[in-house]
Amino acid sequence: SQQGEEDPQALSIQEGENATMNCSYKTSINNLQWYRQNSGRGLVHLILIRSNEREKHSGRLRVTLDTSKKSSSLLITASRAADTASYFCATDVLTGANSKLTFGKGITLSVRP
Amino acid sequence: GAGVSQSPSNKVTEKGKDVELRCDPISGHTALYWYRQSLGQGLEFLIYFQGNSAPDKSGLPSDRFSAERTGGSVSTLTIQRTQQEDSAVYLCASSLYRGLGYGYTFGSGTRLTVV
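Top to bottom, those sequences are chains A and C.
Following this note's numbering, the numbering of the first sequence begins with 18 at its first residue and continues without gaps.
Following this note's numbering, the numbering of the second sequence begins with 17 at its first residue and continues without gaps.
These are computed hints drawn from the structure, not numbers from a lab.
Careful, some of the hints might be misleading.
Anything over 10 Å on all C-beta distances counts as not near chain A; from chain C, calculated [claimed, not checked]:
| # | residue |
| --- | --- |
| 1 | 31 |
| 2 | 33 |
| 3 | 72 |
| 4 | 78 |
| 5 | 82 |
| 6 | 89 |
| 7 | 90 |
| 8 | 94 |
| 9 | 97 |
Each computed DMTMM-like pair below joins lysine to aspartate or glutamate, with the alpha-carbon atoms no more than 20 Å apart [what the hints assert, rightly or not]:
| # | chain 1 | residue 1 | chain 2 | residue 2 |
| --- | --- | --- | --- | --- |
| 10 | A | 86 | A | 24 |
| 11 | C | 73 | C | 36 |
| 12 | A | 43 | A | 22 |
| 13 | A | 43 | C | 60 |
| 14 | A | 73 | A | 100 |
| 15 | A | 87 | C | 36 |
| 16 | A | 122 | C | 36 |
| 17 | A | 122 | A | 100 |
| 18 | C | 27 | C | 72 |
Being a predicted model, the structure only gives us computed values, none of them experimental.
Positions of the beta carbon are idealized from the N, C-alpha and C atoms, including for glycine.
Could you put the whole structure together from the sequences, leaning on the hints where they help?
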């Protein structure tokens, strides 16, 4: 079963609008991270939020984490055409040596100029 | 180097041939990861290295897949007797330490096409 699942699968907005993307997960986490991927190649780390944090900001990005609901949201404010990409949430579950970052299937964001 | 380097960037191979993919992580990063991404899909974990050892290789899909890391640096992922279902983008990532909340730095990937 998928640890991290993003919602919606695809999002299309007008430049200047805000984009909100959600992620739900199943098991307890050490931290949750959001990544961006352009053109199906390498992912770029955007922001990390630890399990004891509730909200974090980085430039136009705002991430929230609700561990009671096992969910996170990524808000991109004042979107730009250059924000068009796929966005992935990834959960970090630290359990001894068998630990890894587990990614969801991603959200395709299209920002129309 | 400044980032994670992967080579080759593209590889087309005939079914049944062996391929070797290389990853050069950021200097000093002790943790190294291999993921696979099929068209339009999320990332599938393959293997994780801490130094030269691989505490978690649970994601390797079959015994045709193997990986090693030497000198706590360069890693190679080898796929023997390639099959068409092996076609995917193979992504390598490194991070400073495992489990202390560091994000991963990804390479640009190797796009493998098995014909």
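Going through the hints against the structure:
The beta carbon of residue 31 (chain C) is kept farther than 10 Å from every beta carbon of chain A, the shortest such distance being approximately 23 Å. No Cβ of chain A approaches the Cβ of residue 33 (chain C) within 10 Å, the least distance being about 24 Å, so the stated non-interface status holds. In this structure residue 72 (chain C) is not separated from chain A by more than 10 Å, as the shortest Cβ-Cβ distance comes to only about 5 Å. Residue placement check: residue 78 (chain C) keeps its beta carbon more than 10 Å from all beta carbons of chain A (closest about 19 Å).
At roughly 18 Å, the least C-beta separation between residue 82 (chain C) and chain A is larger than 10 Å, which holds for a residue marked as non-interface. Even its closest Cβ contact with chain A, about 19 Å, leaves residue 89 (chain C) beyond 10 Å, as expected for a residue assigned away from the interface. Interface exclusion of residue 90 (chain C) from chain A stands, the closest Cβ pair being 18 Å apart, more than 10 Å. In this structure residue 94 (chain C) is separated from chain A by more than 10 Å, as the shortest Cβ-Cβ distance comes to about 20 Å.
Every beta carbon of chain A lies more than 10 Å from that of residue 97 (chain C), the smallest distance being close to 26 Å; the non-interface claim holds. Among the hinted pairs, residue 86 (chain A) with residue 24 (chain A) is consistent with the structure: their alpha-carbon atoms are about 15 Å apart, no more than 20 Å. Only pairs whose Cα atoms come within 20 Å are accepted, and residue 73 (chain C) paired with residue 36 (chain C) is accepted, the gap being roughly 17 Å. At roughly 9 Å between alpha-carbon atoms, residue 43 (chain A) and residue 22 (chain A) fall within 20 Å of each other, so this suggested pair holds.
Of the pairs offered as hints, the one joining residue 43 (chain A) and residue 60 (chain C) holds, with about 17 Å between alpha carbons and a cut-off of 20 Å not exceeded. Between residue 73 (chain A) and residue 100 (chain A), the direct Cα distance comes to roughly 19 Å. Compliance with the 20 Å bound is thereby established for this hinted pair. Of the supplied pair hints, the one linking residue 87 (chain A) and residue 36 (chain C) is violated, its CA atoms being roughly 39 Å apart against a limit of 20 Å. For a cut-off of 20 Å, the pair hint linking residue 122 (chain A) to residue 36 (chain C) is broken: about 26 Å separates their Cα positions.
Only pairs whose Cα atoms come within 20 Å are accepted, and residue 122 (chain A) paired with residue 100 (chain A) is accepted, the gap being roughly 18 Å. Proximity of residue 27 (chain C) to residue 72 (chain C) is assessed by CA-CA distance (about 26 Å); at most 20 Å being required, the pair is judged violated.
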